[in-house]
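Per the working numbering, the sequence shown starts with residue 21, numbered consecutively.
One or more of the hints may lead you astray.
Claimed, not checked - Straight line, CA to CA, 25 Å or less: simulated DSS-like cross-link-like pairs of lysine-lysine: (1) Lys37 x Lys48; (2) Lys99 x Lys46; (3) Lys191 x Lys213; (4) Lys48 x Lys99; (5) Lys257 x Lys191.
Unchecked claim - Label-pair ranges, simulated between beta-carbon atoms: (6) Met38 x Ala266: 31 to 39 Å; (7) Ser84 x Phe42: 17 to 25 Å; (8) Leu158 x His40: 31 to 39 Å; (9) His40 x Tyr222: 21 to 29 Å; (10) Gln82 x Val194: 51 to 59 Å.
In short, the hints are calculated from the structure, not lab data. What you are looking at is a predicted structure, and each value in this text was computed from that prediction instead of being measured. The beta-carbon is built from N, C-alpha and C at its ideal position, and this holds for glycine as well.
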Amino acid sequence: MAAGSSAPKRSSGANGKMYHWFQTNKHKLLAVDIICVLVLFFMQLFTSTLQTLTPEIINAVQISAVVLGVLIALSVVWKGIVPLIICILGIVLMNYSVILPYYSAPELDGVNLGGTRFTYPLSTPAVAGTAANTHFFLGVSMVALSITIAYRPSLLFVRNRPEPLDSEWSKYTVWNDHTLLANGREEHSVPVKNLMTDMERYLLWRYDYVLAGIYGSPYLVRPGGLVPKDSTLFRDKDSGRVMGKARYTGFFM
């Protein structure tokens, strides 16, 4: 984790409670996803095997498929719009595969050649079953992709992926203002601004942290922080500017 970064702040109201509930129950939600996909798979086999279903049964199957789809979507609804959209598309494909065999009754078409009419099937149970299986497994793949994006996006990263801009500063520790010595006494500290020139103080708004040498080790110090009086600032060898983590993108220090 880059120095100075923090988790997104969540409101303490209803949204914050919902987010906390999803965060603490995410493993249970993923288990529910697996169960729902398995149930949808058996429902798809059921409708594919039994071609003659009553309207009551097929309505119950459709309602059950919608409920299972909603349960699947719950696992990613709090993770952002991108995984949610991909998940919804996958759920639609899986639900379509469940009801496709019921609505794909055999149809015949024909053509006249030399006064003789030849008929051929436009749809057969075998074709409907193949289409249903294809839609189902494509839907499962999209649901799996959405869950991966939501929970483990690092699995999709390619090798030799460029490091984030803030990764350079993640190796440094953030310095706390209070300095406690081994004997229990606090050493006299001074504002880090006292180690800068007037021009550097004027440009201090550009920094999120400045890099300072404290007790022989580099630390990231807040612009308004305190450091031991014998500390030093790291400066660029060529320009002589103070080195530190930029607050705004575009300022390279």
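Task: Indices of hints not satisfied (ascending) - done: 9
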